[in-house]
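Novice: Okay, here's what each chain looks like letter by letter:
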Amino acid sequence: MRDYFLKFWEGLYTIMIGMKVTFRHLFVPSVTIQYPTVKPQLPERERNRLYVNMDDCIGCDQCSRACPVSCIEIETVKSTPGDDLGKTSNGKKKALWVTKFDIDFAKCCYCELCVPPCPTDCIYMTDVYEFSEFERDSLLYDFATLTQEEREIKKKNFKEFQVKKEAEKAAAAKKAAEAKAAAQKEKPNAKTDKPTDDKKGTD
Amino acid sequence: MALKTEEMVLNMGPQHPSTHGVLRLELQLEGEIIKDVIPHIGYLHRCFEKHSEAMTYPQVIPYTDRMDYLASMYNEFGYALAMERLMGIEVPERVEYIRVIMGELQRIASHLVALGTYGADIGAFTPFLFCFRDRERILHLFEITCGARLLYNYIWIGGLSNDLHPDFIRLTKEFIKDFKPNLKELNDLLSFNAIFIERTADVGILPLETAINYGVTGPNLRASGMKWDLRKDDPYSVYNKFDYEIPVGSGEKGKIGDCWDRYFIRVREMEESLKIIEQAIEQIPDGDVKSAIPKRVKPPEGQIYTRVENPRGELGYFIISDGSLNPSRVKVRAPSFVTMQVFPELCKGFMVADVVAILGSIDIVLGEIDR
Amino acid sequence: MIYEWLYNITGSSILSMFVVSLLPLFVFILPFALLAVLAERKVSAHMQDRLGPMRVGYHGILQTVADIIKLLQKEDLVPAATDKKLFNFAPLLVFAGSYAVFAAIPFSSIFIGSQIQLGIIYIVAVTGLVVAGILMAGWASNNKYSLLGAMRSAAQIISYEIPTLLIILTIIMITGTLSLYTLSELQTSYFWNWMILGGPATGLQKILYIPLMIIGCLVIYISTLAEVNRTPFDIPEAESELVSGYHTEYSGMKFAMFFLAEYANMFAVSAIVAIIFFGGYQSPFGYLGNAIGLHWLVPIEQFFWFTAKGLFFVFVQMWLRWTLPRFRVDQLMAFCWKYLIPISFVILLLAGLISLI
Amino acid sequence: MKTSEEILNILKDKFGDSIIELKSDKPIDSFVLAAPLEVDKICMFLRDNSDLQFDSLMNLSGVDDANGEKVKDNKGTETINGGTLSVWYHLESTKLKHKFTLKVSTERAKPEVTSVTEIWKCADWHEREAYDMYGIIFLNHPDLRRILMPYDWEHGYPLRKDYRNPEFYQGMKVPY
Chain A
1 MRDYFLKFWE GLYTIMIGMK VTFRHLFVPS VTIQYPTVKP QLPERERNRL YVNMDDCIGC
61 DQCSRACPVS CIEIETVKST PGDDLGKTSN GKKKALWVTK FDIDFAKCCY CELCVPPCPT
121 DCIYMTDVYE FSEFERDSLL YDFATLTQEE REIKKKNFKE FQVKKEAEKA AAAKKAAEAK
181 AAAQKEKPNA KTDKPTDDKK GTD
Chain B
1 MALKTEEMVL NMGPQHPSTH GVLRLELQLE GEIIKDVIPH IGYLHRCFEK HSEAMTYPQV
61 IPYTDRMDYL ASMYNEFGYA LAMERLMGIE VPERVEYIRV IMGELQRIAS HLVALGTYGA
121 DIGAFTPFLF CFRDRERILH LFEITCGARL LYNYIWIGGL SNDLHPDFIR LTKEFIKDFK
181 PNLKELNDLL SFNAIFIERT ADVGILPLET AINYGVTGPN LRASGMKWDL RKDDPYSVYN
241 KFDYEIPVGS GEKGKIGDCW DRYFIRVREM EESLKIIEQA IEQIPDGDVK SAIPKRVKPP
301 EGQIYTRVEN PRGELGYFII SDGSLNPSRV KVRAPSFVTM QVFPELCKGF MVADVVAILG
361 SIDIVLGEID R
Chain C
1 MIYEWLYNIT GSSILSMFVV SLLPLFVFIL PFALLAVLAE RKVSAHMQDR LGPMRVGYHG
61 ILQTVADIIK LLQKEDLVPA ATDKKLFNFA PLLVFAGSYA VFAAIPFSSI FIGSQIQLGI
121 IYIVAVTGLV VAGILMAGWA SNNKYSLLGA MRSAAQIISY EIPTLLIILT IIMITGTLSL
181 YTLSELQTSY FWNWMILGGP ATGLQKILYI PLMIIGCLVI YISTLAEVNR TPFDIPEAES
241 ELVSGYHTEY SGMKFAMFFL AEYANMFAVS AIVAIIFFGG YQSPFGYLGN AIGLHWLVPI
301 EQFFWFTAKG LFFVFVQMWL RWTLPRFRVD QLMAFCWKYL IPISFVILLL AGLISLI
Chain D
1 MKTSEEILNI LKDKFGDSII ELKSDKPIDS FVLAAPLEVD KICMFLRDNS DLQFDSLMNL
61 SGVDDANGEK VKDNKGTETI NGGTLSVWYH LESTKLKHKF TLKVSTERAK PEVTSVTEIW
121 KCADWHEREA YDMYGIIFLN HPDLRRILMP YDWEHGYPLR KDYRNPEFYQ GMKVPY
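Chains as they are written, first to last, in my numbering: chain A, 1 to 203; chain B, 1 to 371; chain C, 1 to 357; chain D, 1 to 176.
Treat the hints as calculated values from the structure; they're not laboratory data. Incorrect hints may have been included.
[Said to hold, decoys possible] Just some of the chain C residues that point at chain B, by a computed CB distance under 8 Å:
no., residue
1, MET47
2, GLN48
3, GLY52
4, LYS144
5, THR231
6, GLU241
7, LEU324
8, PHE327
[Said to hold, decoys possible] Below, computed lysine-lysine pairings styled on BS3-like, alpha-carbon distance capped at 27 Å:
no., chain 1, residue 1, chain 2, residue 2
9, C, LYS74, C, LYS85
10, D, LYS14, B, LYS227
11, D, LYS110, D, LYS72
12, A, LYS7, B, LYS253
13, B, LYS50, D, LYS95
Bear in mind the structure is a predicted one, so any value in this text is a computation, not a measurement. Glycine residues also receive a C-beta, built at the ideal position from the N, C-alpha and C atoms.
Let's have the full structure, built from the sequences with the hints guiding it.
Specialist: This is the structure:
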């Protein structure tokens with residue numbers, strides 16, 4: 001009988017205590033904020049959308065290799081002699097045209113593994129976190145600064161340069177072969193292959 | 001005339017408010033009494049183990065974050081520890097201290113989610129938001145340190161991605177100061193509420209023998225009355241330098257190993273974690289947190305099983321290295337995966353409403369069960 | 001009252017009947033539901049250190065209106081395997097049940113939909129109609145969760161009607177009236193005449209009544225709480241167990257009907273508690289209208305006091321809801337049969353003995 | 001507390017041949033290699049012997065050793081013929097606080113291991129997972145179904161090193 005009433009009383013008492021707590025909280029100022037109108041101050045180490053400072057990028061592909069989800073795609077074209085690519089801010093000389101630097105933020109997992117390997121500190125995470133899109137394709141960000149035409153030109157230039165170089169090489173090889181052939185007329189068998197090989201390369 | 005009755009099969013989940021994710025339970029009911037429970041898992045399978053075979057060792061860390069997403073810090077901790085033992089890396093003292101602080105903060109954050117959602121499962125919604133309010137401050141501490149709130153990629157093999165933020169110590173001290181009264185408030189509001197005790201005491205009792213045989217670890221095992229904590233029993237990092245207690249279930253409100261014990265052990269563990277953090281931030285030495293990070297993670301051929309005391313129990317990493325840059329096998333012994341097996345045993349003979357109470361009390365995370 | 005007045009003006013019984021029956025709906029239930037839903041959200045928000053709805057109107061005042069517009073626009077989904085007739089009829093029945101209660105509630109001395117002599121019994125009977133609606137909804141949905149919710153609800157509401165009725169019986173015994181109007185009139189003018197403080201009785205009798213009435217008030221409040229399925233007795237729609245119980249399958253306006261019925265019911269039971277124990281529409285300390293000689297002010301004051309009391313109890317319901325966890329089915333039943341019913345029997349017995357003094 | 005060598009000696013006394021050898025050449029963990037069809041008896045002994053009392057199975061994991069002959073067909077898909085799949089048991093005694101690692105290797109073509117579910121209930125889902133991921137058949141297992149993969153997955157065992165994704169599953173394209 002005593003337990004019966006004790007239990008009843010305990011129930012009422014603990015409920016009262018709980019009600020006291022919640023009642024007190026009616027007058028505690030809110031901890032939430034009105035998000036789109038009021039925005040929280042984000043800490044400086046915030047890890048959100050990546051940004052690539054293409055002025056400094058040397059196209060070394062380190063970030064792409066560090067990425068665990070392969071969301072960074074980089075394509076580069078070697079520069080031809082005479083191109084001035086400039087220098088990065090920490091004095092490294094650029095040698096590659098970056099014709100493609102895509103980051104797919106639909107894949108990105110914001111782990112920051114791509115940041116430390118960068119030799120010029122040109123890829124880093126910003127505090128931009130509002131970049132939702134209606135199309136998945138819109139999350140594919142292209143950071144490369146060259147226009148499409150420029151990219152084609154660079155590719156073409158490099159190809160031409162390569163052709164030229166190959167041709168030069170072939171010519172040089174031919175010359176050398178001829179020189180050799182002239183020097184050693186006795187062994188023609190071995191030499192006949194080589195020029196054809198070079199031809200293939202130039203094609 | 002005999003009344004014809006039949007068992008009802010009730011499908012709970014994968015979309016259900018209180019299965020804590022995408023767990024599907026097949027309940028066989030007689031009225032509201034549970035005859036049997038068949039859990040079906042795998043709805044959140046993200047192929048962690050297959051993925052990690054294709055990754056280099058440091059790249060696995062972001063994936064470990066995504067297993068137990070409520071205790072990411074500890075997942076990284078365990079993985080980093082395993083790799084360091086495999087490679088024989090000596091980690092600077094400061095790193096160890098920071099890891100312990102982060103781990104314990106993460107334990108508090110994880111337990112807060114567990115307790116809050118448990119309250120919500122039982123029907124009290126307010127404690128849930130109070131818990132989340134406090135957790136938010138811990139997440140802010142993580143955010144200022146490493147820039148992310150949930151999936152940190154903070155603990156690296158041999159070191160940390162960042163040193164502590166200059167404000168970190170001050171903010172942590174403030175948090176501890178504010179958190180203690182909040183914990184008392186939680187007790188007033190929920191833990192000692194008569195209805196809550198009525199709902200949880202003597203429900204889902206897990207006897208110690210069964211618990212060990214089923215491999216249950218962590219707070220659930222301790223609630224069944226065994227003083228077993230890897231931080232003390234198989235010490236790692238610098239845990240042996242601190243003074244703290246291992247709370248054990250006492251059956252205060254019902255029998256040992258009931259839901260209330262499992263609930264309250266977590267409340268008490270948070271207090272102990274606060275003690276550890278307080279001591280650790282007093283003792284923390286200076287040093288460089290990145291000095292021991294290897295340039296190239298290429299462990300020797302071999303295998304290792306390393307375990308840590310995750311907020312949910314024993315988190316084990318079984319790593320086989322074939323001497324290349326990618327692991328040959330990473331098997332995770334996920335505490336929730338093991339604990340989930342004992343669930344049907346706990347439920348038999350209780351009611352539908354108790355399924356929710358028991359499921360909440362064993363505190364599973366589906367991300368970890370399915371990996 | 002209003003009916004006679006209207007009848008005298010218009011001369012048409014049908015028209016005045018129509019107006020009178022719609023009056024509580026438009027004057028009271030709809031605005032109240034709008035307010036109560038918002039209040040619930042605001043109360044819960046502030047208890048949880050949040051802000052609650054803030055966007056629609058000043059501090060989200062128009063949030064419920066926006067919600068209703070949304071619900072009106074929604075497609076009326078009827079799952080294929082339901083029993084369509086029952087499925088469509090159930091929300092109406094539930095709403096009708098809780099709406100009909102308002103007919104007998106005396107909002108003030110001149111504003112009573114219908115002055116039924118058996119008012120108090122009528123209210124209890126009509127609330128019982130809700131059970132039928134809920135069972136219907138649960139059965140017709142052809143969903144196990146709904147069915148479980150409906151079964152729980154039926155068991156719960158019927159069990160908790162017993163303590164409610166026993167306490168009401170005590171009051172009937174003491175006051176000797178079944179009419180809510182008379183009951184309110186008995187507890188005139190000052191708060192010491194309220195039933196919770198012994199009512200119109202005097203001397204030793206009054207002192208002896210007070211503890212009984214306080215416990216009785218508690219019992220009836222708890223059991224009416226259970227009748228309207230509010231936390232800690234919200235097991236029929238226990239969100240974390242049964243998704244949302246008997247109205248899982250409902251959407252759009254049908255869902256809104258259930259919702260509206262719930263809030264209307266909340267006020268109805270609060271009103272019953274207020275009428276029985278807290279003097280109904282009577283002011284706790286005299287009327288301003290009488291004091292300054294403006295007698296037409298009195299009914300308005302009465303209306304104010306009545307809604308204030310009702311809303312206070314509604315607030316307590318919300319307060320409880322956002323504080324407490326919920327019971328389990330068997331515990332709920334045990335609480336009713338082991339605690340509330342014996343206690344109310346004892347109260348009935350003791351009150352009978354005291355009334356003999 | 002007992003070291004692996006001591007435990008091995010106790011086991012050798014009892015079982016003789018079915019215990020194959022102790023390996024401690026590779027770094028960190030030394031382990032004992034056992035016969036796949038005897039492992040339940042060994043485990044039973046390990047649990048019940050009063051000197052050992054391995055009452056807890058920490059972990060059980062299937063492993064593809066990938067030590068067979070790699071064959072490429074004309075499409076370039078690689079399959080592994082022969083070799084072994086293994087199962088690792090990490091045991092622990094909560095009373096005596098010692099640990100022990102057991103490994104069994106079984107034929108890749110016909111992977112069969114006796115189940116230890118009877119000994120440690122904990123092994124149930126671990127074994128199902130090993131079956132699911134590697135196709136290792138655990139004899140005497142009460143309920144050997146897939147666990148993480150869909151029950152109707154018919155395209156092999158995903159964690160095997162020669163696993164290839166199917167193009168379609170139930171009419172849905174797999175690599176989306």
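Novice: For each hint, tell me whether it holds in the structure or not.
Specialist: Outcome of the hint check:
1. The beta carbon of MET47 (chain C) comes within 6 Å of a beta carbon in chain B, closer than 8 Å, and the hint placing it at the interface holds.
2. Taken as an interface hint, GLN48 (chain C) checks out: its beta carbon lies about 4 Å from the nearest beta carbon of chain B, inside 8 Å.
3. Because the beta carbon of GLY52 (chain C) sits about 12 Å from the nearest beta carbon in chain B, more than 8 Å, this interface hint is broken.
4. Interface hint at LYS144 (chain C): satisfied, since its Cβ lies 5 Å from the closest Cβ of chain B, which is below the 8 Å cut-off.
5. Contact between THR231 (chain C) and chain B, as hinted, is supported at the beta carbon level, the nearest pair being about 6 Å apart and thus within 8 Å.
6. Interface restraint check for GLU241 (chain C): the shortest CB-CB distance to chain B comes to about 5 Å, inside 8 Å, so the restraint holds.
7. Annotation: interface hint on LEU324 (chain C) holds; nearest CB of chain B at approximately 6 Å, less than 8 Å.
8. Taken as an interface hint, PHE327 (chain C) checks out: its beta carbon lies about 6 Å from the nearest beta carbon of chain B, inside 8 Å.
9. Between LYS74 (chain C) and LYS85 (chain C), the direct Cα distance comes to roughly 20 Å. Compliance with the 27 Å bound is thereby established for this hinted pair.
10. Of the supplied pair hints, the one linking LYS14 (chain D) and LYS227 (chain B) is violated, its CA atoms being roughly 33 Å apart against a limit of 27 Å.
11. The straight-line distance between the Cα atoms of LYS110 (chain D) and LYS72 (chain D) is roughly 21 Å, inside the 27 Å bound, and the hint therefore holds.
12. Restraint check: the Cα-Cα separation between LYS7 (chain A) and LYS253 (chain B) comes to about 13 Å, which is no more than 27 Å; the hinted pair holds.
13. A C-alpha spacing of about 35 Å is found between LYS50 (chain B) and LYS95 (chain D), which places the hinted pair above 27 Å, so the restraint is violated.
Of the numbered hints listed earlier, those contradicted by the structure are 3, 10, 13.
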